[in-house]
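A.B. asks: Here's the letter readout for the chains.
2 protein chains.
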Amino acid sequence: MTYEILTENTVVDYIKSRPALKNRFDFDGDFSVSEVGDGNLNLVFIVKQGENSAVVKQALPYLRAVGESWPLTRERVRYETQALQEQNKAAPGLVPEVYDFDNEMSTLTMEYLGEHEIMRKPMVARKRFPKFADHISTFLARSLFFTSDLYMVAEEKKRLMAKFTNEKLRKLQEDFVYTNPYMDSEENNWNPLVDAEVQAVRQNAELKMAIAEMKDAYMNHTEALIHADLHTGSIMLNPEDTRVIDPEFAFFGPMGYDIGAVLQNLVLNYLSHYGHTPDKTERESYQAYVLETVRDIWKGFAQKFDALWAENNRGELVPEKYWDFPGGQEAFAEFRKRYIRRVLQDTAGHGGVKFLRRMMGIVSVWDISSIEDPERRAIAERAAIRIGSRWVLERKSVTSIDDLINIVLEETKDIEV
Amino acid sequence: MTYEILTENTVVDYIKSRPALKNRFDFDGDFSVSEVGDGNLNLVFIVKQGENSAVVKQALPYLRAVGESWPLTRERVRYETQALQEQNKAAPGLVPEVYDFDNEMSTLTMEYLGEHEIMRKPMVARKRFPKFADHISTFLARSLFFTSDLYMVAEEKKRLMAKFTNEKLRKLQEDFVYTNPYMDSEENNWNPLVDAEVQAVRQNAELKMAIAEMKDAYMNHTEALIHADLHTGSIMLNPEDTRVIDPEFAFFGPMGYDIGAVLQNLVLNYLSHYGHTPDKTERESYQAYVLETVRDIWKGFAQKFDALWAENNRGELVPEKYWDFPGGQEAFAEFRKRYIRRVLQDTAGHGGVKFLRRMMGIVSVWDISSIEDPERRAIAERAAIRIGSRWVLERKSVTSIDDLINIVLEETKDIEV
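First to last, the sequence lines map onto chains A and B.
Taken in order, the first sequence gives residues 1 to 417; the numbers are from my numbering.
Taken in order, the second sequence gives residues 1 to 417; the numbers are from my numbering.
It should be emphasised that the hints constitute simulated quantities derived from the structure, not laboratory data.
Just so you know, not all the hints are guaranteed correct.
No copy is singled out in the list; a pair is fine if it fits within one copy or between any two copies.
Under the rule of at most 30 Å between Cα atoms (straight-line distance), these lysine-lysine pairs were calculated in the DSS-like manner [stated by the list, open to error]:
| no. | residue 1 | residue 2 |
| --- | --- | --- |
| 1 | Lys304 | Lys89 |
| 2 | Lys396 | Lys22 |
| 3 | Lys121 | Lys413 |
| 4 | Lys168 | Lys89 |
With the hints as constraints, model all of the structure from the sequences given.
C.D. replies: Next comes the structure, spelled out in structure tokens:
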């Protein structure tokens, strides 16, 4: 089938043309269809038939808002499919199940998550998800460990890496996270009330060298298959279940980028409540919950990652036999500890850059941008710039998650709203 | 043409079957042919016709010494060809020119270097090559710079990387450089007189963690297209000209691996003269020349790499505009300086590991192994183990090439032969 854009009217016939979907639906029965893509990039159809359901996601060949003048690679659906498949193997139950992939039509058919909501808005409404820290730290530990050299056989990892070239979407992140926000670039966009702070970042030699160093690591450290866009808009959940979606940016990169994305998005949410939650008691209570979640995610990640490594050391980096000498098991434990500490330092560095880019680049996050009063928004934004700068600049001396949390506390302790 | 092993009798017909070679030779004329491969891995034919000549190199599908029981990938000729082509673009005149490549026959036809000799043996005979430091530092600076994100456009680099998966040959280096020598593995092989020192390395927890960290960097830091086997046996030269050959291990890896290979091979040669050169005056004079060459190579590399970057900053890592702020040019210069210092630290780490592997792994170097008296050999070997251990362990505090040279001087100052 050559590529054509699906509509609510054609999607049922499309489904019936796919052998892989035959056991999901009665092809002779009735279907209900609705298109729900918020999107510019993709069409998203929810298809239902009695108890059965699926999401049919199709990549558009251009940005819908801009029209055909901004072409995009439809390849991204292939990367999303491949990533979901690998993540499902590594962290079963924490991403949507893939039912079908159609390269010509750039269409991915997968599990419909009808009982879940995107995490970002409920966190602005101070909703709590007590199991989230456990779920997401499992996702991070398992998806990163099982696609790294700590678990994979060397040749397999190189062959899998070759399937994730993903050069076009990587280039977007390289530019929009690590480069353009810190220099003159027309798509940049910031609150005029924080102009002084934004310009100070753009002229801070030490900070810009550090950002460039993190960019180098982002481009060149192929540690594991990372999601590479793991903000709270890529997480769907309910009190019992958590799923990570939309991994089309996936490639082999630094583990700290994914962990940093999660933690930094939570801290931006923490800051957004200076705008969204005027009641001090309510605000402080929710902010404390958010920072506790940050702590629990890192601690959960570190503990699970270490345990996976100790128990499944079949990868190439350091075979069991390598530690076979008096004191070798202690050395292996110490090596794991140092490795994980280095991942924390990378988390600080990449997470810190991502604070900055949200304050002065192409797009903020809804938690912050939805604060209507620019003065109030500026309070959160200034704190984000201070915290992000410190996470980046102080990354090499970070030894525990409390170091990062303390920076958040120090940079917000004088805020009065 | 399906794969068949060439012989001195069939190679001329083979040449005549290749359109790309038509302008190199008169297909109706007479040829002279001789097979000169020392090798286990490849056949190497020198083909001459009057003024014209070429080398025809064919990969064998197995290790010749072991027979058909040890199959090898013939893909390595493709990697060698691709690497030579990229190196010729980046560092013209410093590698053999490629005339033809034939994937089915696993055959590469290239420039014959009739006026050059392999560098290793003449250095044992204390021959000097006054232009070598300049040539090899140019090769290193140019081949590494022009294939890095400092010069390449991001998408191009990712696509080029995808052509250098090279998973089988990389696995050999991962095992034989960074893993097996430091644990029980049957192919390991060492002088019984240094058994105590070898066992001490294998039980040194701090050193083994450091080696594992270097292995992680080797496997995962995709900085530039590296040769990945750049010892003095991969260098052909004469007083006027230098060529780097045999890049079949090439992949995108850490720059410090190639630089470390060159410097460490020179230092092993330095040490070998405790065995080869009994006359103290002659020995010290040549050793001083070798260390001066080490210094000149690093200094030449650093200066040329920095100048290339300053003058050709069209890559993705840090665009010109990124440094467009008061003090930005100074920040860019400082960023380059720190980047190059980090390459020096990697050079120490990877080079240090390579000292160790040559003393206790599958294969030494001829400079050392050709010292017939095991007592004399042990003197060089013990020093190599001490120097290698210190280069690895002290790498993070290295700030100049003199730090590495001083380690060599300190660890050899008490040697009496």
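A.B. asks: Confirm or reject each hint.
C.D. replies: Hint check:
no.: 1; hint: Lys304 with Lys89; verdict: within (17 Å within a copy, 47 Å between copies)
no.: 2; hint: Lys396 with Lys22; verdict: neither (54 Å within a copy, 59 Å between copies)
no.: 3; hint: Lys121 with Lys413; verdict: within (25 Å within a copy, 69 Å between copies)
no.: 4; hint: Lys168 with Lys89; verdict: both (26 Å within a copy, 25 Å between copies)
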